[in-house]
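Chains as they are written, first to last, in our numbering: chain A, 1 to 545; chain B, 1 to 545.
Hint data in this document are derived by calculation from the structure and do not stem from the laboratory. Watch out, some of these pointers could steer you wrong.
If several chains are the same, the list does not tell them apart, and a pair holds so long as it fits within one copy or across any two.
[Claimed, not checked] In the SDA-like style, the derived pairs of lysine to any residue whose C-alpha atoms are separated by at most 20 Å in a straight line are: (1) Lys322 with Ala358; (2) Lys322 with Ala219; (3) Lys140 with Trp182; (4) Lys404 with Gly69; (5) Lys522 with Thr190; (6) Lys522 with Met319; (7) Lys414 with Ala350.
All values reported here derive from a predicted model rather than from experimental measurement.
Number of protein chains: 2
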Amino acid sequence: MPTDYETGLGRNAANYVPLSPLSFLRRTASVYPERPAIIHGPIRRNYAELSERCLRLASALAQRGVGRGDTVAIIAPNIPEFVEAHFGVPMAGAVLNSINTRLDADAIAFILRHGEAKVFFVDRELSAVAAEALAMLETKPLVIDINDPLATGGALIGEMEYEAFIAAGDPGFTPLMPLDEWDAIALNYTSGTTGDPKGVVSHHRGAYLNAIGNGVTWAMPHFPVYLWTLPMFHCNGWCFPWTITALAGTHVCLRRVEGTAILTAIAEHGVTHLCGAPIVMSMMVNAPEEVSRAFAQPVSMMTAGAAPPASVIGAMEAMDFKITHVYGLTEVYGPCVVCAWHPEWNDLPANDQARLKARQGVPYELQEDMIVADPVSLAPVPSDGVTIGEIMMRGNVMMKGYLKNPATTEASFKGGWFHTGDLAVMHPDGYVEIKDRSKDIIISGGENISSIEVEDALFAHPDILSAAVVAMPDEKWGETPCAFVELKPGAHLVEEAVIDWCRERLARFKCPRRVVFTELPKTSTGKIQKFVLREQARALASSAG
Amino acid sequence: MPTDYETGLGRNAANYVPLSPLSFLRRTASVYPERPAIIHGPIRRNYAELSERCLRLASALAQRGVGRGDTVAIIAPNIPEFVEAHFGVPMAGAVLNSINTRLDADAIAFILRHGEAKVFFVDRELSAVAAEALAMLETKPLVIDINDPLATGGALIGEMEYEAFIAAGDPGFTPLMPLDEWDAIALNYTSGTTGDPKGVVSHHRGAYLNAIGNGVTWAMPHFPVYLWTLPMFHCNGWCFPWTITALAGTHVCLRRVEGTAILTAIAEHGVTHLCGAPIVMSMMVNAPEEVSRAFAQPVSMMTAGAAPPASVIGAMEAMDFKITHVYGLTEVYGPCVVCAWHPEWNDLPANDQARLKARQGVPYELQEDMIVADPVSLAPVPSDGVTIGEIMMRGNVMMKGYLKNPATTEASFKGGWFHTGDLAVMHPDGYVEIKDRSKDIIISGGENISSIEVEDALFAHPDILSAAVVAMPDEKWGETPCAFVELKPGAHLVEEAVIDWCRERLARFKCPRRVVFTELPKTSTGKIQKFVLREQARALASSAG
Numbered sequence: 001m002p003t004d005y006e007t008g009l010g011r012n013a014a015n016y017v018p019l020s021p022l023s024f025l026r027r028t029a030s031v032y033p034e035r036p037a038i039i040h041g042p043i044r045r046n047y048a049e050l051s052e053r054c055l056r057l058a059s060a061l062a063q064r065g066v067g068r069g070d071t072v073a074i075i076a077p078n079i080p081e082f083v084e085a086h087f088g089v090p091m092a093g094a095v096l097n098s099i100n101t102r103l104d105a106d107a108i109a110f111i112l113r114h115g116e117a118k119v120f121f122v123d124r125e126l127s128a129v130a131a132e133a134l135a136m137l138e139t140k141p142l143v144i145d146i147n148d149p150l151a152t153g154g155a156l157i158g159e160m161e162y163e164a165f166i167a168a169g170d171p172g173f174t175p176l177m178p179l180d181e182w183d184a185i186a187l188n189y190t191s192g193t194t195g196d197p198k199g200v201v202s203h204h205r206g207a208y209l210n211a212i213g214n215g216v217t218w219a220m221p222h223f224p225v226y227l228w229t230l231p232m233f234h235c236n237g238w239c240f241p242w243t244i245t246a247l248a249g250t251h252v253c254l255r256r257v258e259g260t261a262i263l264t265a266i267a268e269h270g271v272t273h274l275c276g277a278p279i280v281m282s283m284m285v286n287a288p289e290e291v292s293r294a295f296a297q298p299v300s301m302m303t304a305g306a307a308p309p310a311s312v313i314g315a316m317e318a319m320d321f322k323i324t325h326v327y328g329l330t331e332v333y334g335p336c337v338v339c340a341w342h343p344e345w346n347d348l349p350a351n352d353q354a355r356l357k358a359r360q361g362v363p364y365e366l367q368e369d370m371i372v373a374d375p376v377s378l379a380p381v382p383s384d385g386v387t388i389g390e391i392m393m394r395g396n397v398m399m400k401g402y403l404k405n406p407a408t409t410e411a412s413f414k415g416g417w418f419h420t421g422d423l424a425v426m427h428p429d430g431y432v433e434i435k436d437r438s439k440d441i442i443i444s445g446g447e448n449i450s451s452i453e454v455e456d457a458l459f460a461h462p463d464i465l466s467a468a469v470v471a472m473p474d475e476k477w478g479e480t481p482c483a484f485v486e487l488k489p490g491a492h493l494v495e496e497a498v499i500d501w502c503r504e505r506l507a508r509f510k511c512p513r514r515v516v517f518t519e520l521p522k523t524s525t526g527k528i529q530k531f532v533l534r535e536q537a538r539a540l541a542s543s544a545g
Numbered sequence: 001m002p003t004d005y006e007t008g009l010g011r012n013a014a015n016y017v018p019l020s021p022l023s024f025l026r027r028t029a030s031v032y033p034e035r036p037a038i039i040h041g042p043i044r045r046n047y048a049e050l051s052e053r054c055l056r057l058a059s060a061l062a063q064r065g066v067g068r069g070d071t072v073a074i075i076a077p078n079i080p081e082f083v084e085a086h087f088g089v090p091m092a093g094a095v096l097n098s099i100n101t102r103l104d105a106d107a108i109a110f111i112l113r114h115g116e117a118k119v120f121f122v123d124r125e126l127s128a129v130a131a132e133a134l135a136m137l138e139t140k141p142l143v144i145d146i147n148d149p150l151a152t153g154g155a156l157i158g159e160m161e162y163e164a165f166i167a168a169g170d171p172g173f174t175p176l177m178p179l180d181e182w183d184a185i186a187l188n189y190t191s192g193t194t195g196d197p198k199g200v201v202s203h204h205r206g207a208y209l210n211a212i213g214n215g216v217t218w219a220m221p222h223f224p225v226y227l228w229t230l231p232m233f234h235c236n237g238w239c240f241p242w243t244i245t246a247l248a249g250t251h252v253c254l255r256r257v258e259g260t261a262i263l264t265a266i267a268e269h270g271v272t273h274l275c276g277a278p279i280v281m282s283m284m285v286n287a288p289e290e291v292s293r294a295f296a297q298p299v300s301m302m303t304a305g306a307a308p309p310a311s312v313i314g315a316m317e318a319m320d321f322k323i324t325h326v327y328g329l330t331e332v333y334g335p336c337v338v339c340a341w342h343p344e345w346n347d348l349p350a351n352d353q354a355r356l357k358a359r360q361g362v363p364y365e366l367q368e369d370m371i372v373a374d375p376v377s378l379a380p381v382p383s384d385g386v387t388i389g390e391i392m393m394r395g396n397v398m399m400k401g402y403l404k405n406p407a408t409t410e411a412s413f414k415g416g417w418f419h420t421g422d423l424a425v426m427h428p429d430g431y432v433e434i435k436d437r438s439k440d441i442i443i444s445g446g447e448n449i450s451s452i453e454v455e456d457a458l459f460a461h462p463d464i465l466s467a468a469v470v471a472m473p474d475e476k477w478g479e480t481p482c483a484f485v486e487l488k489p490g491a492h493l494v495e496e497a498v499i500d501w502c503r504e505r506l507a508r509f510k511c512p513r514r515v516v517f518t519e520l521p522k523t524s525t526g527k528i529q530k531f532v533l534r535e536q537a538r539a540l541a542s543s544a545g
């Protein structure tokens with residue numbers, strides 16, 4: 001029986017509006033039409049202009065028959081058109097499918113086919129691989145070329161150019177707001193190490209909450225100046241296209257992520273915030289000295305994808321960067337876990353600070369819950385910092401599920417928790433620390449070895465730029481650790497010296513049996529492709545045997 | 001027909017959790033258990049302790065049969081128990097009914113009867129009026145005394161004391177989260193000038209969003225130190241009990257709002273944020289010099305309830321307070337409109353800045369929409385800064401409606417907009433400026449006079465502390481302005497001098513015909529009670545006639 005608090009007190013048009021990040025652009029364009037929205041090379045656009053271009057884009061898509069529930073794909077670096085797509089595509093009622101620029105034609109073709117994109121925006125520099133993928137398709141989308149003046153090379157392969165396409169759109173177009181905040185807003189394929197990519201479907205509600213949550217977790221001010229080092233195709237740039245717009249900030253675009261370009265942009269545009277994997281920090285730390293301190297303002301950087309090495313954090317902080325370590329997955333719209341800092345930790349010795357900062361941490365203010373638990377029973381492990389379990393999450397910043405993949409969707413949500421597949425310990429203070437991705441545990445003689453622990457030891461070596469450790473099959477021990485090491489420019493090391501270095505720091509069974517000096521294969525987001533290294537390790541083992 | 005983006009991609013326990021501010025306490029108590037949560041006189045409690053007390057409170061309420069949809073009332077100044085009630089009451093599934101401490105027994109009895117409170121928490125200092133109200137009730141709630149050690153006087157009238165009550169509660173109690181984010185969380189009666197008070201019912205979803213929205217609009221950092229000058233009974237302290245907790249900040253309680261006490265607390269506890277009506281600013285500006293600059297940190301203050309006089313803003317800014325002008329109503333959880341500042345406005349002359357800052361402004365980032373429109377046709381007025389219409393709002397920070405009052409609920413939401421009853425103009429830049437509360441327009445000889453405009457002229461006088469202008473009946477003109485003026489200590493003025501002052505600044509028909517020197521009657525939130533003055537003006541007119 002309804003209570004007095006329910007009778008006649010339902011939702012109506014005045015007191016309930018579906019949450020959508022589209023509201024942010026409308027508000028900022030109305031309140032701050034003159035504030036700088038976009039910087040890209042010589043291009044400057046304010047929020048009135050950005051809004052008009054997004055409305056034209058939405059209108060142009062609608063003119064081509066794109067509507068609610070349709071998919072619109074894009075492959076591009078971090079350029080203004082990509083920011084526009086984050087608003088213009090959902091304003092047409094459609095779902096934005098951002099494609100990883102490092103994928104090969106096969107994978108792109110799979111995504112276009114599986115996602116059923118009706119329109120495909122292609123940056124000129126990426127048109128060769130896009131054309132190759134399109135050639136594999138039975139049903140081809142409408143292809144629109146983005147002919148960015150800062151692009152170099154690449155043919156135009158589409159029906160028309162982006163500028164002509166949106167010029168035909170109506171700037172007075174009325175955006176289609178979601179009918180339900182659960183409506184899909186984006187489709188992002190995860191680059192699994194095996195099998196076909198999975199299409200993560202996110203919803204307007206989560207995008208809205210995460211866009212705001214970014215600002216809360218990072219304590220962002222009004223008018224941030226945000227440098228686009230994080231790929232926008234990666235979990236919708238972790239929702240920052242929407243966050244920065246909500247805060248009336250400036251999007252500083254960047255086609256190529258490279259140390260000098262980053263530091264120059266920070267100085268030139270007064271950048272206050274950026275995100276990126278630890279590899280981006282390494283680029284900045286190793287940039288030429290004349291650009292490394294050419295800016296005056298403090299800069300906040302969020303880093304994810306791997307625990308940042310203490311040495312890199314130290315070098316960044318010396319350059320007046322404030323580093324926040326976050327963790328997440330595509331399924332939760334990017335990071336939703338933060339190593340929330342306690343002010344009193346600033347008084348600890350540097351080593352202790354580094355140890356604390358390497359932990360993934362606690363849920364964002366706007367994420368609901370996280371446990372480390374037994375994957376089958378869902379019983380939480382003891383908060384002892386030792387017992388390993390699987391990280392599980394629940395909350396509103398969480399995908400609807402995987403597109404056309406009910407079995408995997410159901411399995412991933414089993415028991416009312418999202419199963420991340422990441423293995424971690426829960427510390428007594430409630431902070432989570434990843435010990436390994438499920439597949440990355442090395443089991444040697446019945447003992448578990450965390451590849452991260454071995455990598456930490458390698459990172460501490462002054463001559464080592466980057467390192468990755470994987471399992472190498474071994475007849476006696478089952479598996480042994482095999483290290484792949486990238487040296488700093490000009491450095492020289494031999495295998496034995498590296499193993500000796502580790503033996504000084506690690507239990508003997510944890511030390512690499514083999515060390516390979518090589519450039520590490522990385523994904524576009526800076527994650528090391530361990531599956532490639534695992535194959536190399538297998539080959540090494542069989543050739544040795 | 002469901003699309004691929006819907007099939008098998010519904011809400012489940014892992015990806016959908018009802019939004020509720022109760023999540024904030026759980027998170028902060030988990031991440032920052034040791035951080036200071038409450039300061040009250042000699043009392044210091046951290047978040048672990050605050051959380052435990054809230055859980056005990058919820059458990060104790062449940063033990064007494066309080067559950068989902070029940071009402072729990074409280075009458076108290078800004079003390080720790082009031083913060084606890086904001087969590088403990090909804091944790092029991094119940095609805096928090098905060099009662100204005102300035103109300104008389106009749107009004108309190110009406111509220112307790114209408115809201116059907118099952119439990120009533122009474123601060124000792126307010127027990128006399130509470131007892132008087134309780135004596136009028138046929139069905140009495142369980143009365144619990146809050147015996148604050150800082151209270152002076154007052155008898156204990158309840159069945160038991162608060163500390164004993166919660167001591168019986170179980171700190172391991174499992175909070176009842178809302179079954180639906182639309183569930184009621186609070187009941188606040190608006191003090192209408194005529195008729196019975198209306199019971200505004202707010203929901204968990206709006207409370208969550210507004211708690212976060214406060215932080216976004218005010219660009220609040222982590223760990224704010226918040227001084228409780230704003231009454232907590234007023235729109236749930238505008239949701240700041242939840243905001244400050246979400247940001248792991250410190251609640252600095254304050255029984256009595258008074259200039260020296262405020263400034264002393266700011267210095268002693270490193271207060272960073274506070275809210276209050278302009279009258280609170282006046283108290284601070286007029287506090288003794290030895291306390292007025294005894295603090296080092298910059299302090300942010302939100303002010304609402306009336307446009308702040310330029311002279312007061314100037315004096316506050318000279319004391320290193322950063323003033324943000326906001327506007328709202330109980331129906332929208334307090335302020336949801338802000339005079340969003342443009343950095344370039346800092347370069348304007350002081351007069352222009354004051355004129356801009358006096359405007360109510362634009363919707364908060366997390367409020368959806370606002371128009372100034374014809375109350376019948378809902379057609380927006382031109383954005384010309386001249387044409388007067390009614391402010392209407394829609395969004396998620398909006399009440400469910402009025403309790404047991406379907407006719408008024410329906411009327412207030414007519415046409416899909418909430419009708420505020422406030423009259424305003426829309427400026428060309430999209431900023432709203434209130435010209436008068438509906439009842440406060442003075443119509444003289446067919447011309448509309450905004451009482452605010454006349455009051456602004458009076459406020460500019462160096463000897464005038466406060467002023468209010470209302471309509472006085474007039475046989476010839478229908479109405480004429482009558483001014484009630486409060487002088488600064490030691491100042492002397494005669495009626496004619498005040499009228500002359502106005503004539504130099506206003507069109508003749510707008511100038512007061514009568515000036516009364518008196519202390520202005522104010523509500524507990526610092527709003528001047530114009531209905532009292534209107535009666536006085538009517539009496540003056542008839543005695544003159």
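Do the hints match the structure? See the list:
{"no.": "1", "hint": "Lys322 with Ala358", "verdict": "within (14 Å within a copy, 37 Å between copies)"}
{"no.": "2", "hint": "Lys322 with Ala219", "verdict": "both (12 Å within a copy, 18 Å between copies)"}
{"no.": "3", "hint": "Lys140 with Trp182", "verdict": "neither (29 Å within a copy, 44 Å between copies)"}
{"no.": "4", "hint": "Lys404 with Gly69", "verdict": "within (14 Å within a copy, 40 Å between copies)"}
{"no.": "5", "hint": "Lys522 with Thr190", "verdict": "within (15 Å within a copy, 61 Å between copies)"}
{"no.": "6", "hint": "Lys522 with Met319", "verdict": "neither (26 Å within a copy, 54 Å between copies)"}
{"no.": "7", "hint": "Lys414 with Ala350", "verdict": "neither (41 Å within a copy, 61 Å between copies)"}
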